[in-house]
Structure formats: C-alpha cells, structure tokens
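Protein chains in written order, with the numbering used here: chain E, 1 to 299; chain L, 1 to 299; chain B, 1 to 299; chain D, 1 to 299.
It is possible that part of the hints are untrue.
Identical chains blur together in the list; that is why a pair holds if it fits in one copy or across any two.
What the hints assert, rightly or not - Cross-link-like lysine-lysine pairs, in silico, DSS-like; alpha carbons within 25 Å at most: (1) K127 x K209; (2) K242 x K253; (3) K203 x K253; (4) K209 x K242; (5) K142 x K203; (6) K203 x K145; (7) K158 x K131; (8) K158 x K203; (9) K286 x K253; (10) K127 x K24.
Calculated directly from the structure, the hints in this document are not laboratory data.
Number of protein chains: 4
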Amino acid sequence: MKPVVGFIGLGIMGEGMLGNIIEKGGYRTVIYNRSAEKCAPFAEKGATVASSPAQVVKEADVTVLMLANSDAVQWVLGGKDGALSGISSGKTLIDMGTNTPEFNEKVKDLVEERGGDYLEAPVLGSKVPAKEGTLTILVGGKEEKFEEYRELFGTMGKAIFYMGEVGKASQMKLIINQIMVGMLALFSEGLVAGERSGISAQKMLEVVKNSVLNCPLFSIKGPNMIISHDFSPHFPLKHAQKDLRQALSRGDKLAVPMPVTAAANSLYIMARDMGLGDEDFSAVIKTLMRGDGEVHIDI
Amino acid sequence: MKPVVGFIGLGIMGEGMLGNIIEKGGYRTVIYNRSAEKCAPFAEKGATVASSPAQVVKEADVTVLMLANSDAVQWVLGGKDGALSGISSGKTLIDMGTNTPEFNEKVKDLVEERGGDYLEAPVLGSKVPAKEGTLTILVGGKEEKFEEYRELFGTMGKAIFYMGEVGKASQMKLIINQIMVGMLALFSEGLVAGERSGISAQKMLEVVKNSVLNCPLFSIKGPNMIISHDFSPHFPLKHAQKDLRQALSRGDKLAVPMPVTAAANSLYIMARDMGLGDEDFSAVIKTLMRGDGEVHIDI
Amino acid sequence: MKPVVGFIGLGIMGEGMLGNIIEKGGYRTVIYNRSAEKCAPFAEKGATVASSPAQVVKEADVTVLMLANSDAVQWVLGGKDGALSGISSGKTLIDMGTNTPEFNEKVKDLVEERGGDYLEAPVLGSKVPAKEGTLTILVGGKEEKFEEYRELFGTMGKAIFYMGEVGKASQMKLIINQIMVGMLALFSEGLVAGERSGISAQKMLEVVKNSVLNCPLFSIKGPNMIISHDFSPHFPLKHAQKDLRQALSRGDKLAVPMPVTAAANSLYIMARDMGLGDEDFSAVIKTLMRGDGEVHIDI
Amino acid sequence: MKPVVGFIGLGIMGEGMLGNIIEKGGYRTVIYNRSAEKCAPFAEKGATVASSPAQVVKEADVTVLMLANSDAVQWVLGGKDGALSGISSGKTLIDMGTNTPEFNEKVKDLVEERGGDYLEAPVLGSKVPAKEGTLTILVGGKEEKFEEYRELFGTMGKAIFYMGEVGKASQMKLIINQIMVGMLALFSEGLVAGERSGISAQKMLEVVKNSVLNCPLFSIKGPNMIISHDFSPHFPLKHAQKDLRQALSRGDKLAVPMPVTAAANSLYIMARDMGLGDEDFSAVIKTLMRGDGEVHIDI
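Put together the whole structure using the sequences plus the hints.
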C-alpha cells in the first residue's frame, strides 16, 4: 500500500515536485506552506491542506521538506507546532533542500531521538526539471529507507543516487556547486579575454559547444553573460558565494588545499562588494571589467 | 578542379587527417615527413612523397602543416629547402597546429611577403576525431581563402568556424585550453574533497554526469583520475601548463585579470616541480594529496 | 590606592607578564593556574595562590586572563568555580589572550550581565618581550576602564594602544597576524626562487635587511628558514593557518576580497596536509619544495 | 691612481649618484645625457660633457649607466655612436639600472666580445638615498672587477653586496621587488578590513609600527594609502606589476610555484584595467574598494 506523503515548502521547486508526486505518482498528500494561498491549486487536485507542519507529519507516513535554506528548515522543525513535534516511530522525514552535512547530521539526530527516520535528498536541477520530474536526486541515510522511498523519488527525478549515510549526499551537492560556481569564474576569464581580443561572442560560445568543455552550464549561462547581458537571478550570486565558502570551510577541515576555488571565492566576494549579490551568479564576469569599459594596455 | 594538397607532419594527428583528405576527400596529395618511413602507407594510397618541404609547396596548390609545436614549424619553414622558399603567388599555406597569435601573425607576414596566402586553422580534438574526421576546426585569415578551402576542411572536421583575421583562431584555441586546463584543477579540488569525505569515486563521477557540469572533459578524465589512476600522457602536463602561461601572458597584455587561471597555473607549476611534467595534465590532482595518502586533520 | 590584581594562566607568556606585575609594578596579586605547581615561584614573591578562578575574581579588583585559546577561556569562565561566578559590580576582567572579536563580544556581555566590566587586551610579542615588559598591548572596551588600568598595562608593555570598543582590539590583532602569516608565504616564494637561482642564502637575508622590507619578522624567521632549517614551533603552523581562516571569514562578512591572503591560506592548508601543522609556521616554505629536491625545468 | 668615471643617465636617481661620485669621491668624470641641459650643473662642478655615449666610454676607464629601463639601455648601447662602439680592452661598463638577468647576461656578452668588462649593479633605494649616498648596491660580475670598483660604489651606497656572476644581482633585485610589491597587496587587504571594521587608520599604522611587521615600506606607504590618499607615483603601478610578471616568469622557468605572488599580480592587473597604471603602486588598495565607498554586506 502506498504511503501518505506530506509536503512542506511550495516555492518554485516545491510546486513542480509536489505536482509530480500527485499526478505522476498518484500519492495521497498532506501539505503545508507558510503562505497558505499556494496550497489552493493542489487542494483542487486532492491534497489535504494541514494547519501546521506538525499536523502534516502526524497525518503522513513520510514528509518531504523543500525549503529555501537552513533557517527555514529550523523554523519548520521547531516550536510547538513544528514538524519535529509530530515525529514518532514509523514516521520518516526527507529534507530535499540544500544544507551543510553538519546541519543535516544534527537534524537526523533530532528525528531519531523521537523514534523517526531521516533522509537527506538534495537535488540537482532547477525549475524546469522540477516540473518535468527529471531532477537528479542525491540521497543520504539508511539504505533500506532509501529503497522504501525509491518509487517516490522516481516521481520527481530521473537519476536517483544513493550516496551513503547522512552527510554524504549534502557533501556531494556541495562539491557539485563548488565546481560549478568556480567554473563560471574561470569561464568568465576566458570570455573577457576573447571579447577584448575582438572575437565574436556568438562564435566563442559555438566553439565551446564543439569542444570537450561542452556542458549545460556553459550553454545556459554563456549567452546571458556575453550576448544578452541578462543577469536576472536564477541562482543569486550571494548564495553561490556561500556555497564556495562552505566548500572551502569543508576543505579546511579535511586539510584539502583548494587554491583555485579560493581564488574564485575572492572574485565572488568582490562581486558582492560591488553590489552584485542579488544578481545571477554569472554576474561575476563584471568583476573582470571594472574599468570604464576601455582597454588599458599600458605595460 | 580540385587543388593539389600538400601535407607536412605525420604525427598521431596528421596521419588521421591526411587519411581523410585522401580517402574521404579524394584529393591528389604531396607529402613530407622528417621521418620518411611514415610516408610509406600513404604512398601506397597514391600520395606523392616529396624530398623536402620546399618541394611539397612547389608541387601543391595548398600545403597543410600539422606539427608538434612552433619550433617544428620554424624548422619546416626555414632554410634552403624550407617550405617558405617554395611560396610564390597562388600558393596557400595552412598551419593546423597550435601556436600563439603572435607566432602565426609573423608567419603570415613571411608568407605574404613572398606573394602567398596564409590561414591558421588550429583544431580541437585528438587522435580519435582526427581519424574519424570529426575535429572542430578554427580558421583565421582572409575569408575568401577560408571559403576556397572549406571543402578541404570538411574532410577533416565536422564543425568548421571562421573566426576572423589571423590571430583570432589561435587566440580562441588558447582560451579553450585555458578554461579546460583550469577546469581540471578545479575538478581535482572537488574530487579530493569527496574522496576524503568517503564518497565513492564511481558515484561522484555518475553524479557529475547527471549535473549541469556534464562535459566530455570530465567524462574522459574523471575515471583516470580517481578510479584507474592512469596518468599516461594524452596531453602532457608541461604542455598544459605552457598554455596557461600563454593565456596569462595574453591576459596581462590585455589588462584582463585572471586570478582563477593564475591559481591553477601555480598548481601545475608545483606539479612540474614534483616531476609530473611528462604525465597527463590530469596528474595535477596529485598536488592536492600527500605522498602517504593519509589525512592530516589538525585544526 | 593600587588595585589587587588577579592573574590566571601561567604559560610561557603569563609567567613573564605576572613577573613584571609583581616586580616592576609592585601590585598585590592573587593567582591561579590549572597546573598548580607553576604558582610556587610567584607565591615566594608574595602572590596569594587561589583554589579556583572564582576565588581569584572575588579577592581581586581586576583579573587578567592569559590563556592558550578560547577553549581554555571557556573552561576558566564557566562552571560553579569559574571566574564568571565571582564577577559582581566593581570587578573587572581583562582577557589578554587572542580570541575572535565575536568571542570577546560574548564574554563582555556575560561579564556585564553580572555587573562587572570587561576589557580585551591582546598582545603582540612573544616570550622575550613578555619577560622584559616590552609587549605591544591593544586594548578594547570602555575608555575610562582603559585609563584606570593604563599603569597596570604599562608594567607589561612599552606600547599601549586604546583601540575602541570591545572587538576592535581583537580585530586589529587578527589583521596583524593575517599580514604576518601571509608575508611569510610571500617571503618563502622569493627565497626559494633565490636559492634555486644559486644565490647564497646568507646574502639574500643581508640584502633584505638593507631594503625597505627590513622587519623583525624576516630577521627572526629568515635564518631558520634557509640557513639552519630549524622549524621548531614558536608559533605553530596550524595556529597560524587558523588565524588566516578567521581573517578570511571576517573579510567575507565585511565583503572585503582578500585574494592574496586566500592564496597564502591554501598553502598553509597544504602544509597541514603534508603533516607540518605542529612545526613553526615558517615551515610553509616546504610546500614550495615538494619534489625530490631536484629542479625540474621541463618547460 | 683614480680611474676616470663615465656616467650616462641623469634622471632623478642618476643626478644624486653622480653628485656623490664627484663631491664625495673626487673622481674626474665624463658625462652624457639625452637631454643635454641636465649636464650643465655638473659641468660647473668640473665634469666633462661628451657628445655621445661612445665618447664617454672612450674617454673614461669605467662607465656607469643609470637609465630608466632596458629600452633606454639598448638605445644608449647601440648604433654608430653607442656606448658599445667605444668598448675595448681595459674598459669597464657598469649598469646600475634594473633589468632582467637574461638582459644583463646578453649585454655582458656584447661587452666581453669587444674585450671589455661588465658589471651589473642594481640599487635598492630611491631619490633620497641616491642623493645622500646611502643606497644598497647589489653587484654581479667578476669578483676582481667588483673589488676594483668597490671604492666607487662606496661613494653612492652604504651597503654594497657582491652577489656572484652576472645575473645574480639582477635576480636578487627582482626578488626584493616581488616581495615588496606582493606585501603591499597583502597590507591593503588587512587595511581595508580594518577600515571597514571601524578601526582608526592612524591607530592601525601605529600598531603595525609596534609589531614584527615594522618595515620602511609600510611606514612610507601606509599613511599615503589610508590617511592622505596620496597616490602620486614614486614607483608607478604598471612598473611594479611588470616586476611581478618577471618574477613569476622566472619562477615558472625554475619550476617554483608562486601562488601568493600570482594572486597579487592579478590584483595589480585589475588595477591597470581600472586605469591606475600611472599612479603609485600603493593604489592597488583601490581594487579592494567599491567606487561608492559603501559596504555591501549581503551574505
């Protein structure tokens, strides 16, 4: 028999994921969102709207959290009507947001102290794959629990990885973001050199597409960076820099030198100082063009 | 009527490219190689073997150079029997190797002084795409000459880009290598952090494949770096570091700050100091790991 | 009338400082040390030996802490017999150790909640200036309290600076250490280049002494680094790296890019990974000589 | 008997040095300057004014060059009336300007081919020590020639070092400048963090003076950087960055990783891009500050 699925957090990502749980998966759902009006369209599709996080957990077998950041998770978990207060033996909590390994290990302990089970399951992909159910999902926790909810994950994602104990999946997500954010700084350095040499922006991007560097990241961000100059935030620069900071902090703990990541991090901090924190993280390219737009060749 | 094609330089890349010119393209060819025995298999397929670079240029309408580095180009061009001495009005020289923009601009001047035409046409791709005729080819020089030889390029590559005047194509190639070599240093930092956190190497690479970072570079190099530990040289580390050096030098001239590339360059120099210059450039990962493989966490 | 001075923490620094308070200053003192036997020599000079931190605070007007790190401060402050439990109106606590601004701000709040006063007063200088009473002392807190104890500080130091509110002095100390630790990495890069070029180590150090770079840091560390190769720890590398980490973290909060400090930090992390964490921080030079001692010039 | 001393190059440095040769040393002199009017004051003191560099060399036993850069040296050496054309057995040329080791090695060869002797003797110190005869002088070349002219050097400097063969002294000067220029970038990072934390600029500089970091560089540049904001060029930023570039290039050849220097170099390149190339090299601090002076803390 299918479990009842709780879902808390109807942001851009959560809406798409919940839609798939209901429509592709056919699960019975209990939902909660801080701004209650977001629940209405799902209530029409049969979801039960709960009055608190605690109620979601109590009425569901497994509750998925998809929240903006760790502060929001703390808000949802804690207090009299918080999700934790609904946890008891037989309940499972799955946090699909992005937190540090340390944070998730603590939540796991809190859940297990109350007799429940915990999985971390951060995702790769943004709005469109969330809607289409094609996310990549990284799962950390007990393997039997992962197996138990594999079908549920399957409604939301097309590539599902069991990474090991709690902390491993969030660490993996951190590594992906570290490489991704660093790559965009490196890409920027090449693009600016090309532009300043008079190479057509369009040509540069086409050549990259026909090289071993060809990846969705460059295909998606490249045109915004040097053709349309569109830096509206898909992944805000200040959050990208936070991920570099956390990756570096993790590297420091493990005694792994990360000089290239550290150089990229300094550029993103400079970008924040220039007031670009709320633009897309691809706006880091602007740190390399700080002059008056003219080339200063005075060597 | 099809032009007669000269070809000088039968290394790993040249062999594949010449094979396609003869077999796919059906061109009549005149060839030369410093080690003459490499010419034999092509002579059997109908190629005329010349006794010097000069003779190639004199008997062909257009001569392709595919040599290991700029020193070899200088050797082939210069002297009494050098390629330059065969150049006259109506002759075209196409250098498909990788040199700096400055070098190619000088060779162009030398060719034009003798009444000939010059194209630079560096390629992206290595042994396999050379053999299969699926290289990416970046062409710099006069656009009408590019059009004249587009069919010839088409026998060797599947993506052919006209980049603009001489210097633009070699600059583009330098940018691709800058980003590529930098990416591998960045990738190394993430992989070592993952390994030291106890994440399975196999899992890490699969997750990368299912992320926006997915690119041929990581797919090809990843398994060698953290599974088979195979650092046999496809692109020797000392050559990769040379490309970073040249990209940084170019950035310096253009007043483009490249702090991330510079950090990567320092790691590759350290790798050279550790005696890794002749291994594959992916061996840069070894700079991030102590000899004894133990973690030293003493913070 | 002179205040009674409490003193907790008789390490290498504390011994020298307490000696000056008693002998140069002529203060009546009450002392405590976790290893009680360190108190004996001072008892002979008239100091009262207390049985707990709380007792020190109760019997003294002002209590100086000189402890190894923030963990030791927490141990001394907390618990039933901790220093905090002795604080009441009219008591002053002066922490002369090195902690982050954030830590000191918290301790200040705890002291003030109990009606006491708090000064942070980190010092520059090590064993010898502590013994000779020639430390540089940076003081943060209320200015009238600073004035009240200026004479006391004068027994321990020859340069006493009032830096402003609590947090400013610890921030200043962090900046000094950031520059100092970074300078030694930079110095190492120059020294290794000189050695590898065949310049005499002795000559290099003499030239530095006769340049605008001449500073006690280079005079003290230089001979150990390239003549005697003595890396016995005066300031352990892992602590130096911790200071860079904290300076970078502070820079991140303030949106101050610190790319040079970040590059130095990566070298020190690499040094930790190489097992050098417990050597002197000047051992960072070994990260630049990781090969077999031979020069690998293969460009 | 005292040698006749030739002197070419009456810039800010040269004027002071020549003054000391004549007045302190009592040497007979033959002089040349591209702008002839600079020679007049020295003619009044007894110097013979020559009509060309060649004439200087012919009439003098030893000729000192003190020119702005290597291009000026090439101009003075070459051509029909160039200094080289005057070289013959028994003549010595001493270049006291700053060039790369490679450049000086070539000039040495040219001088020796003509039977002459060559010393490189770059100096540390600027206008004031040049005038007062208190420069630090680094000498490379044959030791007996160094001894022969030690008295002459003594009129210009107070610390004279024999560094070894030609190339060693210029390499040493490059190392000094590498560390010096890098130190100012590092210093900037600390100063900006301090300012943004609300620490008084004056206090910061006083604390530095009372620390192991105390050096003439920080004493001279500090007040200009954060109190008077005076960036009028004593050592232009673009020349300082050129020295970092040459030091890094040298490190690359020797396989010495220089990640900290490389990070500093990127900041100076950014400064050039911001149009600061002709300001003093201490203007690098402006790269760490937004134009509007506001703090953007949005983490």
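These are the hints, each one checked on the structure:
1. K127 x K209: both (23 Å within a copy, 19 Å between copies)
2. K242 x K253: both (17 Å within a copy, 11 Å between copies)
3. K203 x K253: between (42 Å within a copy, 22 Å between copies)
4. K209 x K242: between (29 Å within a copy, 24 Å between copies)
5. K142 x K203: between (49 Å within a copy, 17 Å between copies)
6. K203 x K145: between (49 Å within a copy, 19 Å between copies)
7. K158 x K131: within (12 Å within a copy, 35 Å between copies)
8. K158 x K203: between (33 Å within a copy, 16 Å between copies)
9. K286 x K253: between (31 Å within a copy, 19 Å between copies)
10. K127 x K24: Within one copy, since 17 Å is at most 25 Å while 46 Å is not.
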